[in-house]
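Student: Sequence:
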Amino acid sequence: MASDLTLRGKKRSELIGYADPMVVHPGDSIQFMVSTEFTEYEAKLVRLIHGDENPEGPGFKTEAVGGFSETLKGCHQTTYPGSYIYTQSGKLNNFDSGLSIQAWIFATKPVGDGYQTIVAQQTNGAGFGLYVNPKGRITLRLSNTEETIDVSTDRSLENNQWYFVFGTFAQQEGTATVIQRQCGRWPNIAADSEHSEKISLGKLHTTNAPVTIAATGISDTEEFVPRQCFNGKIESPRIFSRPLSFDEIGHLASNGAPSEVPDLVAAWDFSQTPANSTTVEDISNNRRHGEVVNFPMRGLTGHNWTGREFSREAAPGQYGGIHFHDDDVEDMKWDASFKWKLPADIKSGCYAAYLTAGDEEDFITFFVSNSTAKEKIAFLVPTITYLAYANERVLFAGIDFSGLTNIPIVVDPYDDFLGDNLTEYGGSIYDVHSDGSGICYSTARRPIVNMRPKHRHWVHSCPRKLSFDLYLVDWLEEKGFSYDVITDHDLHKRGHELLESYDVVLTGSHPEYWTSSMMDGLDQFMDDGGRLMYLGGNGFYWVTAVDPERDHIIEVRRGYAGSRAWPSHVGELELASNGEIGGIWRHLGRSPNALVGVGFAAQGWDLKTPGYKRLPASYESNVKFIFKGIEGDEVIGDFGLVMSGAAGDELDRIDFDLGTPPQAIRLATSEGMHSAYYLVCHEDMMVTMPTIDGTNNANVRADMVYYPTQKGGAVFSVGSINWLGSLSHNNYDNNVSKITENVLREFCKG
-9 MASDLTLRGK KRSELIGYAD PMVVHPGDSI QFMVSTEFTE YEAKLVRLIH
41 GDENPEGPGF KTEAVGGFSE TLKGCHQTTY PGSYIYTQSG KLNNFDSGLS
91 IQAWIFATKP VGDGYQTIVA QQTNGAGFGL YVNPKGRITL RLSNTEETID
141 VSTDRSLENN QWYFVFGTFA QQEGTATVIQ RQCGRWPNIA ADSEHSEKIS
191 LGKLHTTNAP VTIAATGISD TEEFVPRQCF NGKIESPRIF SRPLSFDEIG
241 HLASNGAPSE VPDLVAAWDF SQTPANSTTV EDISNNRRHG EVVNFPMRGL
291 TGHNWTGREF SREAAPGQYG GIHFHDDDVE DMKWDASFKW KLPADIKSGC
341 YAAYLTAGDE EDFITFFVSN STAKEKIAFL VPTITYLAYA NERVLFAGID
391 FSGLTNIPIV VDPYDDFLGD NLTEYGGSIY DVHSDGSGIC YSTARRPIVN
441 MRPKHRHWVH SCPRKLSFDL YLVDWLEEKG FSYDVITDHD LHKRGHELLE
491 SYDVVLTGSH PEYWTSSMMD GLDQFMDDGG RLMYLGGNGF YWVTAVDPER
541 DHIIEVRRGY AGSRAWPSHV GELELASNGE IGGIWRHLGR SPNALVGVGF
591 AAQGWDLKTP GYKRLPASYE SNVKFIFKGI EGDEVIGDFG LVMSGAAGDE
641 LDRIDFDLGT PPQAIRLATS EGMHSAYYLV CHEDMMVTMP TIDGTNNANV
691 RADMVYYPTQ KGGAVFSVGS INWLGSLSHN NYDNNVSKIT ENVLREFCKG
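Per our numbering: the sequence shown = residues -9 to 740.
In case anyone wonders, no lab produced these hints; they're calculated from the structure. The structure displayed is predicted, hence computed values, not measured ones. Glycine is no exception: its CB is placed at the ideal position from the N, C-alpha and C atoms. Any given hint might turn out to be false.
In silico BS3-like pairs for lysine-lysine, Cα to Cα no more than 27 Å straight-line [to be verified]:
#	residue 1	residue 2
1	Lys51	Lys366
2	Lys366	Lys728
3	Lys0	Lys51
4	Lys701	Lys614
5	Lys614	Lys469
6	Lys614	Lys739
7	Lys598	Lys728
8	Lys337	Lys469
9	Lys34	Lys444
10	Lys469	Lys51
11	Lys337	Lys34
12	Lys444	Lys603
13	Lys34	Lys81
14	Lys1	Lys34
15	Lys1	Lys63
16	Lys618	Lys701
17	Lys739	Lys701
18	Lys469	Lys125
19	Lys125	Lys188
20	Lys51	Lys364
Cβ-Cβ distance ranges computed for the label pairs, FRET-style [what the hints assert, rightly or not]:
#	residue 1	residue 2	range
21	Arg484	Gly702	39 to 49 Å
22	Phe236	Arg484	58 to 68 Å
23	Ser249	Gln21	42 to 52 Å
24	Phe646	Gln21	47 to 57 Å
25	Asn114	Gln514	55 to 65 Å
Go ahead and model the full structure; you've got the sequences and the hints to work with.
Tutor: Quick look at the structure:
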């Protein structure tokens, strides 16, 4: 952690874990993976009710779950990050005449501390490989039982440029040659290099080890441990069992078919398998297909992309690139520490395995969702949004926070722990890899430090995401509502069928990431007369995919517009998981305004955020039920546990041009009440302008909206993440709580 940042409390000791699966149902089994420095720890199960420990609120609340309480042996578990490809074991060839290796690469940090593997079949004292050496130069490595020899080019690769790379060994002549040629319309010839030298290797000693692409490794208790990981794209690696002529090299460099060159041993064409596949195809006769590990970014442009096609389906041969990273993590693969079979009658809800050892604790959060509806109210827990933000580490990105907020930055102990383990624990979709490229995948199979009930976000030192959404759970319990908990993952899988038995669906504070099947399911629910209470802000925003074979993985492609943490590369907007176009739903014709009446408008964090002022339409008879028990001149939500107000963090506004239904009623607004720390969203800035904050831009606001839909349905939207943080004020007796209760009780009527 940076020395100028303040830590809340003490540094954490290692006692941490994750659950698999993250979403379960009554009668399912779940396992928990724990890593700890303690020799033993206690494990219990609890239902989470309220996470915020702020003394001005109701305090931390859980409910014990009977049937499980154990003392368990502790151990440290190891993670091996880094994406790569490997083939089955077996000798490729004796390579009596020598060999040639060829590929195209796009190195994103070629100069570094160690070697980076392009393709290799190598163990100690045997084999061969083509690498980028620490100076950023292409290196051919050859080994026999007595020595290993490296032959390298004499110029460093330039960052983020495609290169044709080649290495060859002529056994009879004892000559090794390496070549790097920059690709593109206007390549930098000065960056090219070709180097040959005589070597006294004798006979190349071959091996039965797997061929690996983008990493080499050693066996560690049957697990391949990736080492010398490559950062950047690799495309079409090939291996031949002899030295090639200059004409043959030229044929390959000109995109000639490798099958037209004799003695082809292996040729992996990454465009031949679907972009969401865990395999790559060897198009040579040997068919040494490869397994893809740790989820590199697939379906990307290759060296031959022309810029005329933007779809893999239209030009698959131009999308042969895979971007590997030394910090990719798909599944930490920790051993299971304990398991639990859920009772068939367990109540749906937010749960945790509660671990304690010494003075340390951890809450491994998971979600129990009902398989069939039991109540008429459903709380839709935004589990896919939780994954998008999982282990968000923007705090450690070296950003200048001055001007962002007037709230002192205080680091949660979990975030501090993450800062000490950045590579192993992976980042969020708001972060970048070690090479600066955006992280587009997020996995549930790792500890998610910010999905803990007591976690407080660094930007405002208050709850956010799960710990914030527990405000709603607590309020529902306090008010005596019977409700089911369902999740994004369930809605993605089951669509409308999940929702059709409910009268009312409640969102959490920040339901931001939505798949198309989720959108379709909610659309159908509302078309059929369902009632929706959107109790947050910046919802229904990012196009998201869940991997069709591994639902612990989500994917986002940021696109080129919208309030984003990093941009997609040109030509790489299609989601590998399903082929859909990424970006924000507003730009794909499914704006949140059309769905819930309001859409993302602004964001900010201030010591004192405002409430809402009522508008004339709120006094009409058809919406009188919403404001029952509230005086006409009351400011709505001028209080709360988070920044002291209900209209804060990320805000949504009404906009008929963006699809807000014409019958929508704007009941209340925070317009004109925000400070300069609140800034208008990126997509609403048509041109560069100075009027971008809450003091001078009318679009910087939260709007409260209500409107009826067909078949007796209705929508109520609050347009602010902060709304739920005001529910418990004054022992739950306040106008935010009253409005929420009034609407929910009205929506529950037949």
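Student: Hint by hint, say whether it matches the structure.
Tutor: Hints, one by one, checked against the model:
1. Lys51 <-> Lys366: Satisfied, since the Cα-Cα distance of roughly 25 Å is no more than 27 Å.
2. Lys366 <-> Lys728: holds (20 Å)
3. Lys0 <-> Lys51: Judged against 27 Å, a Cα distance of about 22 Å means the pair holds.
4. Lys701 <-> Lys614: Holds, at about 21 Å.
5. Lys614 <-> Lys469: holds (21 Å)
6. Lys614 <-> Lys739: Roughly 16 Å separates the two Cα atoms, so the pair holds.
7. Lys598 <-> Lys728: Holds, at roughly 22 Å.
8. Lys337 <-> Lys469: holds (17 Å)
9. Lys34 <-> Lys444: holds (17 Å)
10. Lys469 <-> Lys51: holds (15 Å)
11. Lys337 <-> Lys34: The given pair, whose Cα atoms are some 17 Å apart, holds under the 27 Å limit.
12. Lys444 <-> Lys603: Distance ~32 Å between lysine 444 and lysine 603 Cα, so the pair is violated.
13. Lys34 <-> Lys81: violated (51 Å)
14. Lys1 <-> Lys34: The given pair, whose Cα atoms are some 23 Å apart, holds under the 27 Å limit.
15. Lys1 <-> Lys63: holds (23 Å)
16. Lys618 <-> Lys701: At roughly 25 Å apart (the allowed maximum being 27 Å), lysine 701 and lysine 618 satisfy the hint.
17. Lys739 <-> Lys701: With a Cα-Cα distance of about 14 Å, the restraint between lysine 739 and lysine 701 holds, given a limit of 27 Å.
18. Lys469 <-> Lys125: With a Cα-Cα distance of about 65 Å, the restraint between lysine 469 and lysine 125 is violated, given a limit of 27 Å.
19. Lys125 <-> Lys188: Holds, at about 22 Å.
20. Lys51 <-> Lys364: Since the Cα atoms of lysine 51 and lysine 364 sit roughly 24 Å apart, the hinted pair holds (cutoff 27 Å).
21. Arg484 <-> Gly702: 39 to 49 Å: violated (23 Å)
22. Phe236 <-> Arg484: 58 to 68 Å: Cβ of phenylalanine 236 to Cβ of arginine 484: about 60 Å, so the range 58 to 68 Å holds.
23. Ser249 <-> Gln21: 42 to 52 Å: Once the Cβ atoms are compared, 46 Å apart, the range 42 to 52 Å for glutamine 21 and serine 249 holds.
24. Phe646 <-> Gln21: 47 to 57 Å: For phenylalanine 646 and glutamine 21 the Cβ distance comes to about 50 Å; the hint holds.
25. Asn114 <-> Gln514: 55 to 65 Å: holds (60 Å)
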